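Q: Residue strings, one per chain:
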Amino acid sequence: MVSRSSVVGVVLRTFIASFLLALAVVVIYPLLWMVMNGFKTNSELFGNPFALPVQLTWDNYAKAWNRGVSSYLMTSILVTVTATIATVFISAWAAYGLTRMQIPFSRTVLALILGGLMLAPAVALIPLVRMFQALGLYNTFWALLILYVAFRIPFTTFLIRAYMVDLPLEIDEAAAVDGASKARAFWSIVLPMCKPILVSSVILNILFTWNEYLFAMVFTSGGDLQTLPIGLTNLMSKHGTEYPVVFAGMTIAAVPVILLFFLTQKYFVRGLADGVGK
Amino acid sequence: MSAPLRTAPSRTDAAPLPLHPVEAGARRRRRSRGWAWVAPALLVLGVFVYLPLLQNLQYSVMEWDIYAGGSSFVGLANYEKLAGDPVFWRALFNNAAYAAVSLICQVFGALILAALVEGLRSERWRRALRAVYFVPSAISLTVAGLLFYFIYEPELGILNALLRGVGLESLTQAWLGQEGTAIWAVIAMSQWQGFGYSTLLFAIAIQRIPQDLFDAAALDGVGPIRRFFQVTVPLTREMTGLMIIVTLSGAFQVFNEVMVMTSGGPNNSSQVLVTWLYRMGFGRNDFGYAAAIATVIFVLTLGIALLQLAITRKRRVEW
Numbered sequence: 001m002v003s004r005s006s007v008v009g010v011v012l013r014t015f016i017a018s019f020l021l022a023l024a025v026v027v028i029y030p031l032l033w034m035v036m037n038g039f040k041t042n043s044e045l046f047g048n049p050f051a052l053p054v055q056l057t058w059d060n061y062a063k064a065w066n067r068g069v070s071s072y073l074m075t076s077i078l079v080t081v082t083a084t085i086a087t088v089f090i091s092a093w094a095a096y097g098l099t100r101m102q103i104p105f106s107r108t109v110l111a112l113i114l115g116g117l118m119l120a121p122a123v124a125l126i127p128l129v130r131m132f133q134a135l136g137l138y139n140t141f142w143a144l145l146i147l148y149v150a151f152r153i154p155f156t157t158f159l160i161r162a163y164m165v166d167l168p169l170e171i172d173e174a175a176a177v178d179g180a181s182k183a184r185a186f187w188s189i190v191l192p193m194c195k196p197i198l199v200s201s202v203i204l205n206i207l208f209t210w211n212e213y214l215f216a217m218v219f220t221s222g223g224d225l226q227t228l229p230i231g232l233t234n235l236m237s238k239h240g241t242e243y244p245v246v247f248a249g250m251t252i253a254a255v256p257v258i259l260l261f262f263l264t265q266k267y268f269v270r271g272l273a274d275g276v277g278k
Numbered sequence: 001m002s003a004p005l006r007t008a009p010s011r012t013d014a015a016p017l018p019l020h021p022v023e024a025g026a027r028r029r030r031r032s033r034g035w036a037w038v039a040p041a042l043l044v045l046g047v048f049v050y051l052p053l054l055q056n057l058q059y060s061v062m063e064w065d066i067y068a069g070g071s072s073f074v075g076l077a078n079y080e081k082l083a084g085d086p087v088f089w090r091a092l093f094n095n096a097a098y099a100a101v102s103l104i105c106q107v108f109g110a111l112i113l114a115a116l117v118e119g120l121r122s123e124r125w126r127r128a129l130r131a132v133y134f135v136p137s138a139i140s141l142t143v144a145g146l147l148f149y150f151i152y153e154p155e156l157g158i159l160n161a162l163l164r165g166v167g168l169e170s171l172t173q174a175w176l177g178q179e180g181t182a183i184w185a186v187i188a189m190s191q192w193q194g195f196g197y198s199t200l201l202f203a204i205a206i207q208r209i210p211q212d213l214f215d216a217a218a219l220d221g222v223g224p225i226r227r228f229f230q231v232t233v234p235l236t237r238e239m240t241g242l243m244i245i246v247t248l249s250g251a252f253q254v255f256n257e258v259m260v261m262t263s264g265g266p267n268n269s270s271q272v273l274v275t276w277l278y279r280m281g282f283g284r285n286d287f288g289y290a291a292a293i294a295t296v297i298f299v300l301t302l303g304i305a306l307l308q309l310a311i312t313r314k315r316r317v318e319w
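These protein sequence lines are chains A and B, in that order.
Numbering follows the numbering used here, with no gaps: position 206 of the first sequence is 206.
Numbering follows the numbering used here, with no gaps: position 232 of the second sequence is 232.
Honestly, the hints are just simulated from the structure, not real lab data.
Here the structure is a predicted model, which is why all the values come from computation and not from measurement.
Using N, Cα and C, we set each Cβ at its ideal position, and we do this for glycine too.
A few of these clues could be false.
Stated by the list, open to error - Simulated restraints on C-beta separations:
| hint | chain 1 | residue 1 | chain 2 | residue 2 | range |
| --- | --- | --- | --- | --- | --- |
| 1 | A | A17 | B | R208 | 38 to 44 Å |
| 2 | A | L169 | B | F108 | 38 to 44 Å |
| 3 | A | H239 | B | A36 | 49 to 55 Å |
As the list claims (entries may be wrong) - These stretches of chain A come out as covered by chain B in the derived footprint (C-beta under 8 Å, 3 or more residues):
| hint | stretch |
| --- | --- |
| 4 | 37 to 50 |
| 5 | 61 to 71 |
| 6 | 118 to 125 |
| 7 | 147 to 160 |
| 8 | 175 to 181 |
| 9 | 188 to 202 |
| 10 | 260 to 266 |
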């Protein structure tokens, strides 16, 4: 005989499982629709929206690639790689100073660096544009690089510092006894020990830079300098109603970060978890 | 992204004995060498974050003459203009709507969702669902925004097609093309894009609750719904507080998705503070007015962040 409560339990569990699965479909289906539409012709697109593409042709992907996506992709890769390296390096360097060195007014320094977390980039936008115009850096690669580094240092330093604080000071002292300088201790001992949080920082910064829109839109106006998010909106406005090409471009922009997320989930989740407080 | 400021116990300020002059000199040199470590970060932040922030305050009390090329002090005129600008108030309302819906979906909804996912028996399913829900947060808001632009599109979009398919033909409409629905359609997209992020974080918080607490409650005959309120909710309070702050602060900085999906239209009905700032600053070259809007964003986001600091500090004292 089945008790009443266990029947209720089974019904409830089935209901919850169906709800969770339905939500997964709501998340995945639009993404599949995007990829599929990249394979359709324009007339197919305006036909039944739920239909599968008649044939799998890469034409739209090739068109998107040739209409600027290859160049947007290169710019995105270049900006992402340089900004991520510079941000993580400067932040790790600062985190070492904050946890290992005697610095006058150290609490003020800490507050200044981490206080940047509280500031919205949009607030600095108008003066930054005028500053970069005056410096002759407006619409250059350097503008994006500098801005991405400047606005990501607080969060990255916060992450790495929290990790370094937990490393025992003895390892530095052992190095000092061996006569290694502080810089040597940083490079050859402390930095390698911070590898997990450095990987997390790199991944989070890649994701940020790859997807950033406000600065990329305001500080670049020329074709060669535009990153994927801006390039995609160009693709949309320039080529009228050839929407399948836009879908192909969106897919090309989305796939690398989705792959990155799935391949590095462990580090990624750890970075997020550490970043929002243990 | 906002995060809590944690001040670790300082390890470097112990100086128990007065130092011999020579030693004190060496110590001073050592101290000043410490600056070399933080100088690059401080310099970059000072020039490209803090300086423009201060300049923005200055800009907000100036007016630019774009033809003659000069600027003059106008006091609080830009702020008075702001108070009388209906689009500014519309934008502020839209940001507040963004905040309210995001709090419901991405904080409270996500907490319940995370509890449901973590309550599943199969670890493989738990992991798969967490990852799947997160995927929209990995892709950019630009891609997500463009995707939903097409989903809402009356001719080729799947939303209207879906409504027609289930016999709700009367509900089909140009979601982004009407003043009454545009901002809500954008907000809905944003929930789709962001709920997996907070669900993942809440899942991590729930995993950190010792399993014994759930087991003990279950042994006492406490049902799953009461376990949620008596164990899960109180023990994830810190994460909930944090997510409230992050969500609120983010809601007042929205730009990307609105720009991609509606550019603030139709008829300015979906403007938010940052898109209006952008339009005033770069569309009309009214830098002073744009700076005044920026100051409002500054005050709102800083206020929210300071609230977080005050709350975490108070909690630390309570412990």
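Q: For the stretch 118 to 125 of chain A, do three or more residues have a beta carbon lying closer than 8 Å to a beta carbon of chain B?
A: Three-residue rule met by the stretch 118 to 125 of chain A, so holds; n is 8.
Q: Mind taking a look at whether chain B covers the stretch 260 to 266 of chain A? Criterion is 3 or more residues with CB to CB distance under 8 Å.
A: holds (count 4)
Q: Verify this for me: three or more residues of the stretch 37 to 50 of chain A with a beta carbon less than 8 Å from a beta carbon of chain B.
A: holds (count 6)
Q: Range hint 38 to 44 Å: satisfied by the CB atoms of A17(A) and R208(B)?
A: 24 Å, violated
Q: Please test the hint of 38 to 44 Å on the beta carbon pair from L169(A) and F108(B).
A: For F108(B) against L169(A), whose Cβ atoms are near 42 Å apart, the range 38 to 44 Å holds.
Q: Are there three or more residues in the stretch 188 to 202 of chain A whose C-beta lies within less than 8 Å of some C-beta in chain B?
A: Check failed, 0 qualifying residues.
Q: Cut-off 8 Å, C-beta pairs, minimum 3 residues; does the coverage of the stretch 175 to 181 of chain A by chain B stand?
A: violated (count 0)
Q: Under 8 Å between beta-carbons, do enough residues of the stretch 61 to 71 of chain A, three at least, approach chain B for the coverage claim to hold?
A: n = 0 at 8 Å, threshold three: violated.
Q: Quick check on a hinted range of 49 to 55 Å for H239(A) and A36(B), using CB atoms only.
A: Taking Cβ atoms as reference, H239(A) and A36(B) lie about 51 Å apart, which means the hint holds.
Q: Three residues minimum, CB to CB under 8 Å: does the stretch 147 to 160 of chain A make the cut for coverage by chain B? Let me know.
A: With 9 residues in contact (Cβ-Cβ under 8 Å with chain B), the coverage given for the stretch 147 to 160 of chain A holds.
Violated hints for the displayed structure, listed by number in ascending order: 1, 5, 8, 9.
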